[in-house]
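Chain order of the listed sequences is A and B. Counting in our numbering, the first sequence runs from 337 upward without gaps. Counting in our numbering, the second sequence runs from 116 upward without gaps.
Don't take each hint at face value.
Said to hold, decoys possible - To give an idea of the chain B side of the interface with chain A (calculated C-beta under 8 Å), a few residues:
(1) 142
(2) 198
(3) 223
(4) 404
Said to hold, decoys possible - The calculated lysine-lysine pairs, modelled on BS3-like cross-linking and capped at a C-alpha distance of 30 Å, are:
(5) B/273 to B/294
(6) B/334 to A/376
(7) A/338 to B/241
(8) B/334 to B/241
(9) A/378 to B/273
(10) B/273 to A/341
Calculated directly from the structure, the hints in this document are not laboratory data. Given the structure is predicted, the values throughout are model-derived calculations rather than measurements. Cβ atoms here follow ideal geometry from the backbone N, Cα and C, with glycine treated the same way.
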Amino acid sequence: MKLPKTLVLGGAIFAVFLLAALASFLWTPYDVQTLTISAKLKTPSAVFWFGTDHFGRDIFSMIMVGARTSIAVAIVAVGIGITLGVPLGLWAASNHGSWLDEVIMRGNDLVFAFPSLVIAILITAVFGPSALNAIIAIGIFNIPVFARISRGGALSIWTLDYILAARVAGKSRFRISLEHILPNIANLLIVQGTIQFSLGILAEAALSYVGLGAQPPTPSWGRMLADSQTLISFAPHLALFPGMAIVLTVLGLNLMGDGLRDILDPKIRRSRE
Amino acid sequence: MLRFATTRLISLTLSLLAASIVIFAVIEVIPGDPASFMLGLNAEPDTVAALRDQLGLGGSVVTRYLNWVGGMLTGDFGTSYTYRVPVTELILARVWVSLPLAIFALILSTAIAFPVGLIAASYRGKVADLGIMSVTQLGIAVPNFWFAMILVLIFAIKIRWFSAGGFPGWDQGVFVAMKSLTLPAIALALPQASILARIMRSSVLDTLDQDYIRTARAKGLTRSQSITRHALRNAMIPVLTIIGMQFSFLMAGAIIIENVFFLPGLGRLIFQGITQRDLVVVESVVMLLVFAVITVTFVVDIAYAAVDPRLRKRG
């Protein structure tokens with residue numbers, strides 16, 4: 337099977353940042369914790385590829401370590417959404433029409449109605465700014481997304497004949513959900529997971545930009561942009577590189593999501609053929 | 116229609132009720148109590164006790180919640196601890212920055228997205244379509260606060276068409292005030308316009324596949340005639356729903372953008388409240404934003420049901 341171009345391109349872009357994040361555990365060109373005031377605000381050169389910030393820290397190294405923060409926050413936030421949202425959605429679907437289904441779905445509607453960034457700001461403000469609280473704040477809003485998508489997917493599968501056969505064979509709703517429904521909605525979840533991942537990167541950047549995400553000295557892309565703001569007129573490279581890192585990572589993930597949908601979603605696949 | 120409106124109204128009330136409980140609970144679970152949180156670690160016990168009285172923290176949780184909600188219903192949002200003025204006053208002074216900004220951005224986003232989405236749909240698969248789809252794909256990936264910084268760098272620092280931030284006030288004249296909101300509005304609008312243009316495109320394409328368009332073409336209408344006379348109107352339903360939803364993103368996005376441009380709006384007020392630990396301000400402004408978003412969604416729902424009878428059935 338030929339892979340869609342969007343998947344290959346998006347995957348390649350994202351892989352670069354993922355590798356940079358992983359590599360940063362072992363090696364960065366310079367130490368991001370060391371301040372070298374004599375080398376401050378250097379423009380990009382062969383020595384400092386992306387230049388240095390106002391403390392003389394290497395921007396390239398900081399972007400590598402920042403990738404770690406962004407990706408880790410977004411992955412865990414998506415993880416929270418999947419681990420809590422998918423069981424809720426499956427549970428609602430297996431009790432379709434019952435009060436339980438109603439309660440779960442209305443609860444979901446509620447979370448959807450909230451402006452997520454506002455609540456994330458409230459949560460991090462109250463519990464103190466940290467990467468962990470940013471993860472929780474972003475993760476909470478992923479729960480209804482996954483609950484809704486798995487309920488929708490599951491409902492259409494519950495009507496199929498082989499599910500009826502499984503029920504006649506005496507399998508419980510729980511076992512059917514786990515053994516027959518879950519594997520069949522995995523495609524939907526992978527596509528949605530990619531989208532939520534890219535939204536998570538953007539949300540983390542926004543939270544750390546306003547000082548409510550990862551705290552210094554942990555480098556994060558949003559924080560780097562916040563620091564660059566007052567220096568942007570004479571050191572634009574401070575804002576340019578972290579911003580490009582966010583844009584490319586999100587773009588890569590979105591392209592991957594489009595590509596994955598093309599190959600995993602049977603409806604689109606049929607229309608392409 | 117009346118039944119639809121009533122169920123929606125009940126769900127609106129429940130949403131607002133739940134939202135207020137959630138916001139109140141978040142503030143309530145602060146380690147210690149709000150008074151010691153606001154005053155910090157080194158506060159004298161007497162001062163904490165005095166503030167606790169002032170905030171009405173003596174009563175039970177239920178009494179405090181009812182007081183808060185009851186106050187808001189009568190327009191009393193409490194008194195800011197740091198500013199020593201009623202929060203209502205602070206909000207009224209700032210809403211005239213945030214609201215015009217959100218509306219300005221919404222108008223821009225729509226004005227850009229409509230023609231762009233329509234062009235992409237009319238030239239499906241051609242260069243124009245591919246170009247628009249690539250640009251919008253990029254637009255979705257750009258964080259609006261970074262885009263704002265780049266706009267400042269180009270239009271305020273390099274070519275000096277606009278100021279880099281601040282708001283002169285409406286008394287300086289509408290033109291001056293709007294000018295200072297222009298860069299923030301563009302920064303807010305472009306990512307939303309990218310999303311909207313893509314939805315506009317796919318919505319028009321969906322309607323073009325319908326039988327009635329084929330009939331119109333068979334009767335001799337050109338492709339563009341069939342789009343303007345038939346497809347456009349039907350394609351508008353999903354597009355308008357998204358515009359309603361975008362208001363929520365714009366209000367939330369404005370919080371961040373106001374900080375980039377140092378605009379004295381509600382977003383700045385929330386952050387000042389957070390840094391000064393002024394919880395009375397934070398909880399009231401957050402509740403107000405949530406109220407605005409939920410109410411706009413409600414109004415949009417009702418408006419569609421009035422326009423399109425098919426939507427009423429979904430209840």
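The hints, checked one at a time:
no.: 1; hint: 142; result: holds (6 Å)
no.: 2; hint: 198; result: violated (17 Å)
no.: 3; hint: 223; result: violated (20 Å)
no.: 4; hint: 404; result: holds (5 Å)
no.: 5; hint: B/273 to B/294; result: holds (17 Å)
no.: 6; hint: B/334 to A/376; result: violated (71 Å)
no.: 7; hint: A/338 to B/241; result: holds (23 Å)
no.: 8; hint: B/334 to B/241; result: holds (26 Å)
no.: 9; hint: A/378 to B/273; result: holds (20 Å)
no.: 10; hint: B/273 to A/341; result: violated (38 Å)
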